[in-house]
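Participant: Taken in sequence, the protein lines are chains A and B. The first sequence begins at 2 in the numbering used here and counts up one residue at a time. The second sequence begins at 2 in the numbering used here and counts up one residue at a time.
Rather than coming from a laboratory, the hints here were simulated on the basis of the structure. All C-beta atoms in this analysis are idealised placements derived from N, C-alpha and C, irrespective of residue type, glycine included. Do not rely on the hints blindly, as some may be mistaken.
Said to hold, decoys possible - Calculated from the model, a selection of chain A residues having no Cβ within reach of chain B, i.e. all distances over 10 Å: (1) Pro219; (2) Glu251; (3) Glu252; (4) Gln378; (5) Thr418; (6) Arg441; (7) Glu442; (8) Pro467; (9) Arg487; (10) Val504; (11) Glu509.
Stated by the list, open to error - Which stretches of chain A does chain B cover? Using the computed rule of at least three CB atoms under 8 Å from a CB of chain B, they are: (12) 314 to 322; (13) 425 to 439; (14) 468 to 478.
What the hints assert, rightly or not - Which residues of chain B face chain A? A partial, calculated answer using Cβ under 7 Å: (15) Gly254; (16) Asp382; (17) Glu384; (18) Val463.
Listed below are the residues making up each chain.
Number of protein chains: 2
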Amino acid sequence: MPLHPLLINGEWRQAQAAADSFSASNPTTGEALAEVYPVSGWQDIEEMVAAGQEAAVALRQTSPETIAAFLERYAGAIEARADQIAQAAHEETGLPLQPRLRNGEMSRTVDQLRQAAAAARERSWSQATIDSEANIRSRFEALGGPVVVMGPNNFPLAFNAISGGDFAAAIAAGNPVIAKAHPGHPTTTRLLAEAACEALQESDAPPAMVQLFYHIEPEDGLRLVADDRVKATAFTGSRRAGMALKRAAEEAGNLIYLEMSSVNPVFILPGALAERGAEIAAAFYASCTMGTGQFCTNPGLVIVQKGARSEAFLDEAQRLFAQQENGVLLAEGGVAHLVEAVAALQDNGAELLCGGQPAEGPGYRFQNTLLRASGEQFLADAEGLQTEAFGPASVVVFARDAEQMVQIAEALEGNLTAGIYSASGEEDEALYERLSPVLREKVGRLLNDKMPTGVAVTAAMVHGGPYPATGHPGFTAVGIPAALLRFAARRSYDNVRHHRLPVELQNENPTGEMWRYVDGRWTQGDV
Amino acid sequence: MPLHPLLINGEWRQAQAAADSFSASNPTTGEALAEVYPVSGWQDIEEMVAAGQEAAVALRQTSPETIAAFLERYAGAIEARADQIAQAAHEETGLPLQPRLRNGEMSRTVDQLRQAAAAARERSWSQATIDSEANIRSRFEALGGPVVVMGPNNFPLAFNAISGGDFAAAIAAGNPVIAKAHPGHPTTTRLLAEAACEALQESDAPPAMVQLFYHIEPEDGLRLVADDRVKATAFTGSRRAGMALKRAAEEAGNLIYLEMSSVNPVFILPGALAERGAEIAAAFYASCTMGTGQFCTNPGLVIVQKGARSEAFLDEAQRLFAQQENGVLLAEGGVAHLVEAVAALQDNGAELLCGGQPAEGPGYRFQNTLLRASGEQFLADAEGLQTEAFGPASVVVFARDAEQMVQIAEALEGNLTAGIYSASGEEDEALYERLSPVLREKVGRLLNDKMPTGVAVTAAMVHGGPYPATGHPGFTAVGIPAALLRFAARRSYDNVRHHRLPVELQNENPTGEMWRYVDGRWTQGDV
Chain A
2 MPLHPLLING EWRQAQAAAD SFSASNPTTG EALAEVYPVS GWQDIEEMVA AGQEAAVALR
62 QTSPETIAAF LERYAGAIEA RADQIAQAAH EETGLPLQPR LRNGEMSRTV DQLRQAAAAA
122 RERSWSQATI DSEANIRSRF EALGGPVVVM GPNNFPLAFN AISGGDFAAA IAAGNPVIAK
182 AHPGHPTTTR LLAEAACEAL QESDAPPAMV QLFYHIEPED GLRLVADDRV KATAFTGSRR
242 AGMALKRAAE EAGNLIYLEM SSVNPVFILP GALAERGAEI AAAFYASCTM GTGQFCTNPG
302 LVIVQKGARS EAFLDEAQRL FAQQENGVLL AEGGVAHLVE AVAALQDNGA ELLCGGQPAE
362 GPGYRFQNTL LRASGEQFLA DAEGLQTEAF GPASVVVFAR DAEQMVQIAE ALEGNLTAGI
422 YSASGEEDEA LYERLSPVLR EKVGRLLNDK MPTGVAVTAA MVHGGPYPAT GHPGFTAVGI
482 PAALLRFAAR RSYDNVRHHR LPVELQNENP TGEMWRYVDG RWTQGDV
Chain B
2 MPLHPLLING EWRQAQAAAD SFSASNPTTG EALAEVYPVS GWQDIEEMVA AGQEAAVALR
62 QTSPETIAAF LERYAGAIEA RADQIAQAAH EETGLPLQPR LRNGEMSRTV DQLRQAAAAA
122 RERSWSQATI DSEANIRSRF EALGGPVVVM GPNNFPLAFN AISGGDFAAA IAAGNPVIAK
182 AHPGHPTTTR LLAEAACEAL QESDAPPAMV QLFYHIEPED GLRLVADDRV KATAFTGSRR
242 AGMALKRAAE EAGNLIYLEM SSVNPVFILP GALAERGAEI AAAFYASCTM GTGQFCTNPG
302 LVIVQKGARS EAFLDEAQRL FAQQENGVLL AEGGVAHLVE AVAALQDNGA ELLCGGQPAE
362 GPGYRFQNTL LRASGEQFLA DAEGLQTEAF GPASVVVFAR DAEQMVQIAE ALEGNLTAGI
422 YSASGEEDEA LYERLSPVLR EKVGRLLNDK MPTGVAVTAA MVHGGPYPAT GHPGFTAVGI
482 PAALLRFAAR RSYDNVRHHR LPVELQNENP TGEMWRYVDG RWTQGDV
């Protein structure tokens, strides 16, 4: 079978001197899929970077309306082939077709693209600021060069490098994107790219605004993120790969936004366990095994205080974990990763309660897995017991008392989320007040009475957090318009003649609805 | 003379096992000043970091009003000893006492502290965002640990690590600061710290909210910015030191904001030269020699098109540069740096027109210096001809034509500012339209018809830009409230019970005046 071509500068082109080729496999069966894709050499990448740079120049003159219209056409083009795309994603990732891919993730994906379109059109994201007396005006603007997006395997649509949140945010802010497919789902990505290409052809946007390659040698990946024409990279994936890319980009002075790892600790306070332990166990089970546990916000660490009620909670959780069918993992490597992670957790003192092994059946499967550890064990090797087991696995830590719960909170690394379940009345309030300030500074999102797996795309969402969960706690990867700011530079115009200003900074409000910060007040009015 | 003590956890304490000691010198005379200060070993730094971490915990419970009141008391305490502080700064930096230090910079400094106080009290800086239906609420919050501020030599008050813009922004956002004095002006810094200490004693803020050391071994500096208890560093200084700190901080996953170097290109278009060449030459001269040229926004590179009018412009500039008294540099090292930088520019093809040598007289002086180069020379070694000569020195580049002016713009590195002078009528408009988009993406601030040295402290100011001018183009070091965002994390509260939310995220607007982004609208109202 011939190699599938790359999307370069608006055209589907054969890879030049591809370093290698690859096929994805079907995780449900373990069989290789038929389509063959190139591992690009630098020559392909060089063409994309050069074309991306030209696209960035053309984008200076491209209106927000053109960008918004592209994003909306693209959402429509995805919907027109939604069945085909969802089917491909199902075959390549093993995630359930219904409702996960065809309904949930598909809706989320087109909704994100449309929200990004609305933000681009509405323009308030740019935080236009006008000091009329000094005649200094500023806003956030596109970075001025291509943005590289490297997507993860676990959301083949909603975080796909060519259709997901990072893509939508970078485009809406006015940047060209060079998308690197995740090699686990190249056909899904190609079908999305075909939709993007169709939408681009009907658009006045520059053809190289959206480009795609499928795979790359690691050293070329490092070279790409460090290239001085590339203005930023967004990476979602493993800590090991993320750290190597971070170093390469930062040594070159380039921006990189990383979402690397998180165990998403959930603290369940005694009053909550007394009141609704079984209900929380069911929520925990559902959250930990959803998508076979392969969520960046999977609850991988649960902290309770020891006693009869927490034992009952764990018994109930264990019953649920053990009785259910084992899910399919995204890739063969996921099985090996989980074997290694569970062994590391056991080496660091955790006791295996159920699961812990690759599961029977064709394809890549792993048993639902629960481990337990004491608070003393956790504090003795907090790093080891925070090893991320990316899949349907979680460690339940039994703290000696409230004091030790707080110490455990203090020993946590940076995470995306932390949650606290407490009684509906007052009895957990004192402990909540001790725990929450400690957890607050360790995470981007603090939850009450709720598992962390749902990440709503709303303006106030923060999907981010301190290192090593991400590279910078001031940004979010989900939530529009805030996610756009990762791909923008803050720029001011000092004494620039009025007719030369971007219309968004001129005295008249360009849409009559755009929010601007004028002389110390947010307003939709004119200056 | 005994060593001056350090400000640690609210007390003046002798350095423990100081690695060394030092005295500043008077740049006007070259003579050593009498006061002796410690070069701290790690033991002192360790105490400050530990105390800073405790202060961050206490700051979780400290109201914005307490922080604002501290900043205002501190501004008042500085004013109460303004003569003494300005005199010390004059002796230590050689900058003119009047009007520069006692009037201009002193006013700017206390004004910045008061603006930061107002921002802390007003709270809109935190961009509180509420999605009422999903019950997700977010805002920017203090980072949760000490911020290290390392100030430069060239603004001993307004960018001093313990009184300048970075300090004010970090404190207003709710962070404790560990200030590293610039060793060129320790007594100025000590007097400021005494004022800060007095204000702190009258405050309910934690005593370690403001700490100070004077000097440090380079390896301890790298260790400090990489310490995992330190949440961010703000550095203003040389590219060499900045790059070493950047690497150390980023390898540890720590935030660092850098302001490193900038030549601030000024393009003077033909129509502007025809219309007001002599006037622009005078503005150029004044801007380039102000503060003996030691401004981060000093116009170190001027680009004109060759011809009789640009020769006349240069003749006039040269006449002004040559006739005037040579200024005093901040430090002995500045003389050697300029000798080296001018030699590098000459090696790269620039012709020396005037100055270029250390100047006569006591102390550290350098001649006003002008060089010229052709557009061809610049394009042949753009990096070499962008060598920063930090002082009263500038290179004038004669482009062959409009096309070459654009090529020169394209060859520029990231800078803090770029300026364009054009005719008051239409004749330069076509060239402006070609140049400005290229320059726009290279700088944080684009100016028209104005030299870059004035940096107003207003909301729309951007004192930042792409690497290597800074480390991240999304931030500004000047301008309140935006400068605060460097020292804050974006954090969301998902389903958190209403009474547990920070008052700023509760339904009722806590001040009746705070701007919040509620359900897609900026408002001062309640939810």
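Participant: Each hint needs a verdict: does it hold in this structure or not?
Facilitator: Okay, the hints, checked on the actual structure:
1. Pro219: Answer for Pro219 of chain A: holds, closest chain B Cβ roughly 19 Å.
2. Glu251: At roughly 5 Å from the nearest Cβ of chain B, Glu251 of chain A sits no farther out than 10 Å, so the non-interface label is violated.
3. Glu252: At about 7 Å from chain B, Glu252 of chain A fails to clear the 10 Å cut-off, so the statement is violated.
4. Gln378: holds, 22 Å
5. Thr418: violated, 8 Å
6. Arg441: violated, 7 Å
7. Glu442: violated, 3 Å
8. Pro467: Answer for Pro467 of chain A: violated, closest chain B Cβ roughly 7 Å.
9. Arg487: About 8 Å separates Arg487 of chain A from the closest Cβ of chain B, which leaves it inside 10 Å; violated.
10. Val504: holds, 15 Å
11. Glu509: holds, 17 Å
12. 314 to 322: violated (count 0)
13. 425 to 439: holds (count 3)
14. 468 to 478: holds (count 8)
15. Gly254: Constraint on Gly254 of chain B satisfied, holds at 4 Å.
16. Asp382: Violated, because the Cβ-Cβ distance from Asp382 of chain B to chain A comes to roughly 17 Å (cut-off 7 Å).
17. Glu384: With Cβ-Cβ at 12 Å, over 7 Å, it is violated.
18. Val463: holds, 4 Å
In the structure shown, a violation is registered for the earlier hints numbered 2, 3, 5, 6, 7, 8, 9, 12, 16 and 17, in ascending order.
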